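2 protein chains.
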Amino acid sequence: MTDRGRKRGGGRAARQASLNTPETQSVPYITRKVPVYEVLDEEGLALIEANAETILQEVGVEFRGDAEALELWKDAGADINGERVRIPKGLCKKLIQQSAPAEFTQHARNPARSVRIGGKNMVLAPAYGSPFVRDLEKGRRYATIDDFRNFVKLAYSTPFLHHSGGTICEPVDLPVNKRHLDMVYTHMRYSDKPFMGSVTAPERAQDTVDMAKVLFGEEFVRDNTVITSLINANSPLVWDATMIGALKVYARNNQACVVSPFCIAGAMSPVTVAGTAAQLYAEALSGMAFAQLVRPGAPVIFGTFSSSMSMQSGAPTFGTPEPQLVLYIVAALARRLGVPFRSGGGLNSAKIPDAQAAYEAANTLQHAMLAGVNFMLHTAGWLEGGLSMSYEKFIMDIDQAGMIHSFLAGVDLSENGQALDAIREVGPGKHFLGCEHTQNNFKTAFFRSSVADNNSFEQWEADGELDSAQRANIIWKKMLNEYEMPAMDPALDEALLAFIRQRKESFPDASY
Amino acid sequence: MTDRGRKRGGGRAARQASLNTPETQSVPYITRKVPVYEVLDEEGLALIEANAETILQEVGVEFRGDAEALELWKDAGADINGERVRIPKGLCKKLIQQSAPAEFTQHARNPARSVRIGGKNMVLAPAYGSPFVRDLEKGRRYATIDDFRNFVKLAYSTPFLHHSGGTICEPVDLPVNKRHLDMVYTHMRYSDKPFMGSVTAPERAQDTVDMAKVLFGEEFVRDNTVITSLINANSPLVWDATMIGALKVYARNNQACVVSPFCIAGAMSPVTVAGTAAQLYAEALSGMAFAQLVRPGAPVIFGTFSSSMSMQSGAPTFGTPEPQLVLYIVAALARRLGVPFRSGGGLNSAKIPDAQAAYEAANTLQHAMLAGVNFMLHTAGWLEGGLSMSYEKFIMDIDQAGMIHSFLAGVDLSENGQALDAIREVGPGKHFLGCEHTQNNFKTAFFRSSVADNNSFEQWEADGELDSAQRANIIWKKMLNEYEMPAMDPALDEALLAFIRQRKESFPDASY
Numbered sequence: 001m002t003d004r005g006r007k008r009g010g011g012r013a014a015r016q017a018s019l020n021t022p023e024t025q026s027v028p029y030i031t032r033k034v035p036v037y038e039v040l041d042e043e044g045l046a047l048i049e050a051n052a053e054t055i056l057q058e059v060g061v062e063f064r065g066d067a068e069a070l071e072l073w074k075d076a077g078a079d080i081n082g083e084r085v086r087i088p089k090g091l092c093k094k095l096i097q098q099s100a101p102a103e104f105t106q107h108a109r110n111p112a113r114s115v116r117i118g119g120k121n122m123v124l125a126p127a128y129g130s131p132f133v134r135d136l137e138k139g140r141r142y143a144t145i146d147d148f149r150n151f152v153k154l155a156y157s158t159p160f161l162h163h164s165g166g167t168i169c170e171p172v173d174l175p176v177n178k179r180h181l182d183m184v185y186t187h188m189r190y191s192d193k194p195f196m197g198s199v200t201a202p203e204r205a206q207d208t209v210d211m212a213k214v215l216f217g218e219e220f221v222r223d224n225t226v227i228t229s230l231i232n233a234n235s236p237l238v239w240d241a242t243m244i245g246a247l248k249v250y251a252r253n254n255q256a257c258v259v260s261p262f263c264i265a266g267a268m269s270p271v272t273v274a275g276t277a278a279q280l281y282a283e284a285l286s287g288m289a290f291a292q293l294v295r296p297g298a299p300v301i302f303g304t305f306s307s308s309m310s311m312q313s314g315a316p317t318f319g320t321p322e323p324q325l326v327l328y329i330v331a332a333l334a335r336r337l338g339v340p341f342r343s344g345g346g347l348n349s350a351k352i353p354d355a356q357a358a359y360e361a362a363n364t365l366q367h368a369m370l371a372g373v374n375f376m377l378h379t380a381g382w383l384e385g386g387l388s389m390s391y392e393k394f395i396m397d398i399d400q401a402g403m404i405h406s407f408l409a410g411v412d413l414s415e416n417g418q419a420l421d422a423i424r425e426v427g428p429g430k431h432f433l434g435c436e437h438t439q440n441n442f443k444t445a446f447f448r449s450s451v452a453d454n455n456s457f458e459q460w461e462a463d464g465e466l467d468s469a470q471r472a473n474i475i476w477k478k479m480l481n482e483y484e485m486p487a488m489d490p491a492l493d494e495a496l497l498a499f500i501r502q503r504k505e506s507f508p509d510a511s512y
Numbered sequence: 001m002t003d004r005g006r007k008r009g010g011g012r013a014a015r016q017a018s019l020n021t022p023e024t025q026s027v028p029y030i031t032r033k034v035p036v037y038e039v040l041d042e043e044g045l046a047l048i049e050a051n052a053e054t055i056l057q058e059v060g061v062e063f064r065g066d067a068e069a070l071e072l073w074k075d076a077g078a079d080i081n082g083e084r085v086r087i088p089k090g091l092c093k094k095l096i097q098q099s100a101p102a103e104f105t106q107h108a109r110n111p112a113r114s115v116r117i118g119g120k121n122m123v124l125a126p127a128y129g130s131p132f133v134r135d136l137e138k139g140r141r142y143a144t145i146d147d148f149r150n151f152v153k154l155a156y157s158t159p160f161l162h163h164s165g166g167t168i169c170e171p172v173d174l175p176v177n178k179r180h181l182d183m184v185y186t187h188m189r190y191s192d193k194p195f196m197g198s199v200t201a202p203e204r205a206q207d208t209v210d211m212a213k214v215l216f217g218e219e220f221v222r223d224n225t226v227i228t229s230l231i232n233a234n235s236p237l238v239w240d241a242t243m244i245g246a247l248k249v250y251a252r253n254n255q256a257c258v259v260s261p262f263c264i265a266g267a268m269s270p271v272t273v274a275g276t277a278a279q280l281y282a283e284a285l286s287g288m289a290f291a292q293l294v295r296p297g298a299p300v301i302f303g304t305f306s307s308s309m310s311m312q313s314g315a316p317t318f319g320t321p322e323p324q325l326v327l328y329i330v331a332a333l334a335r336r337l338g339v340p341f342r343s344g345g346g347l348n349s350a351k352i353p354d355a356q357a358a359y360e361a362a363n364t365l366q367h368a369m370l371a372g373v374n375f376m377l378h379t380a381g382w383l384e385g386g387l388s389m390s391y392e393k394f395i396m397d398i399d400q401a402g403m404i405h406s407f408l409a410g411v412d413l414s415e416n417g418q419a420l421d422a423i424r425e426v427g428p429g430k431h432f433l434g435c436e437h438t439q440n441n442f443k444t445a446f447f448r449s450s451v452a453d454n455n456s457f458e459q460w461e462a463d464g465e466l467d468s469a470q471r472a473n474i475i476w477k478k479m480l481n482e483y484e485m486p487a488m489d490p491a492l493d494e495a496l497l498a499f500i501r502q503r504k505e506s507f508p509d510a511s512y
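So the protein lines, in turn, are chains A and B.
Read in order, the letters of the first sequence correspond to residues 1 to 512 in this note's numbering.
Read in order, the letters of the second sequence correspond to residues 1 to 512 in this note's numbering.
Don't take each hint at face value.
Chain copies aren't distinguished; within one or between two, either way the pair holds.
[What the hints assert, rightly or not] When the alpha-carbon atoms are kept at most 30 Å apart in a straight line, the in silico DSSO-like pairs for lysine-lysine are as follows: (1) K153 <-> K138; (2) K120 <-> K33; (3) K213 <-> K153; (4) K74 <-> K89; (5) K74 <-> K153.
Simulated from the structure, these hints should not be mistaken for lab results.
Every value quoted in this text rests on a predicted model; they were computed, and no experiment measured them.
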């Protein structure tokens, strides 16, 4: 599971896990070598784009509780009525295309782990935002900062996630107004991969930027993007004061915002694919254009999170065909617009990491891979519609993330890849196991799953009839056991801790 | 799960299953409205094609134990050396393109269930060939004719499989030399969907054709395709006497052969994607061209079944990236050649219907859907590398098959689909649940899973914390309970049974 080659523990389970360890070359991010898939043709995409412009001009978008936002839109030429902002057709697109970068680098404190977001690149990040965690032994429970730390360690330990994520789970044992400091510190200290910042209040966004200045140096942060953050629309067609405030902080500091309509189709958007896609596009256009009004050139990522809905209960449903179709359309729109795209992940509404969880997760992961997602949040761990972060599912999902690496590497058409000589050497009715070509390509030939049991039924029985979740349980414990914290200059660590202390002391206790 | 609307049984589980019943319109087969995905460009595909022709000419293919086959190839211009047939470049392609149909109809005894194989169509068939079955209560055991009958009933009962399949499981309680008669009869009697014929010996293929003549009438069978059968190559590059013999029977009778290299890459083909694709294409070309030598115009389906291999144990592995890449390449080659394509299915090597089974199955099902598979064998039930047929996984997989229907229906770009008026009506910050557009599209809006639990955690707890397999267990029992045999003229039934009696009596008892 990790390519860092630590000493191995004892026991059969450990031996098994060790045998399964893939010899995967760690890459800071994926660069795809296969085409994207699209469901709509030029005409269909142009129709959705035109509808989004109609929505922006006729219906408009509400920017709530932020007078400055309304001023900025007014100056840009929008029609303001109360908090409703009606934006002339083409304005958002123009604002975005004249200044937002098509791709950008998010720097990590370890430069070898900096990621390139946009273009043909794909960056995989863990799940985000769940108040609960779950594992096989302790079941479902509120998440704590210990859980948060564990998941940062796990995300750091796998070669198949490129990003440490943000609110991997919500550490509800810490005060609401202070926990962002601990979360950001945990990403900085326990990992050296890039991370996401707090968005739950403008001042928490500012704390994130200030901590980044301690970590990277003030000058570096001024000139470079070191934080990505998740700015969700309140679909339909509303940006609230918290999100606007956080966006303004990050954009002003040249840090990246994932501008993401979060949408349960049927409730928060029309019950149809084309209607949902047009609304999502309108929402994203308005958010990304606003970031350009705040600071021209601020890096943005066009995000979508779309699920369908049970028409019986109103519950969101995942891994179903309609959100996949939305995903392909919106990914194509992002390419046409010329901005990086975020979506996908191991989405599901299962309560445990069973077959439902896996079918639904795979159904999103594989399509996100083909759609050309540049930044994939929720890649690993998601359960229960995002309410729960599962230790075992995290392991299963990073296995799938590994497969995405292999698929997007495409087809080797070199002479070695063509293998004509091997076919000539072996000939009809023989086998390829012993031939030179097989021996030479042995190690890199096939993706090797860490979780799958490919043994015979009899061997599986003899090994204790473990299911996939039980095998994953062994693996995450082994990974945590073998985790080694990346080095950090003690003075830098102390500076970060001092900043946190000073900030925490500034809050009255009553604000817990 | 079924759209036939029977009376419902009692109990909470039954009520739940009933609530989940999707209101899906049954279609005899899918016609795709979205594009296919391809991984290689023109240059890459041409390279694989050229390599396959090189393999056929330089290495050749063995046609074993069938003197007539060698004669036919000799007359066609191939170079014969023992049983090795070296085929001049371009000959196979020419033979196929001048006579094999690009698409064809396989007739069912119920004309409303006849399927169109090829082109933009997709026909979903259950899994094939497992000696074992498995369910939650009785675990894993040898399959019997009762199990076979159960799966024929289940495949008949779901609107999401279009085909009754062939050896859904191997009824090992019946004598090897007679069981094909019972299997074919079961497909004919307990279903009215199209089916597959026996291939385990030429005389069993002939029995299948003769029974089809009883069922459809001699003249109809002469002029129409009513049987599809599975002819596997022994990779690398061997056709054995049994397969050649069965192919000859079906081709001579104008019945369809799925000409399928069955290949575990790394053992039976090179360890690389491009090498495996070239070999598979060479094998399929030789088999399909041979069918045209036997009878010009005989319908053929270009089949592939490709898995990767654990380089540690030699065990086949499924749902991994490399076979997906092979699948996309070979599907494109079939389109370029102009013949229907078979691949895909819910492939996996899990021993139980857990998360491993589901990830691996989804990873093949979704890619087969996008690749443009025309005939998908193994759609439902497959477990344990094909050694076991799972009742619960069958239910999970047909749920996925339902989703394939919805995805391939594509995006509704009508005015209703665009839903602009709904967005105008609802406006920012409101919800779409009550609006007229949502009400009007309520029933057809989203695919509704029968197996997934989308309820809250608390509701799921109150419902007994069932996992996906436990819910599937309830559903298959309900489906079997509600199964109603399709009508058949008693005289026809008696004629089929009389044929079977006569054939069985012709075997000496010792041949059990």
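Here is what the structure says about each hint:
Taking the closest pair of Cα atoms, K153 and K138 come within 30 Å of each other only inside a single copy of the chain (19 Å); across copies the shortest separation is 42 Å, beyond that limit. With identical chains, the CA atoms of K120 and K33 are at most 30 Å apart both within one copy (8 Å) and between copies (27 Å). In the homo-oligomer, the alpha carbons of K213 and K153 lie at most 30 Å apart inside one protomer (23 Å), although the nearest pairing across protomers, at 67 Å, exceeds that limit. Taking CA atoms no more than 30 Å apart as the test, K74 paired with K89 passes inside one copy only; the shortest distance there is 15 Å, against 70 Å between copies.
In this assembly of identical chains, the alpha carbons of K74 and K153 never lie at most 30 Å apart, being 46 Å within a copy and 66 Å across copies at closest.
Hint violations for this structure: number 5 only, all remaining hints satisfied.
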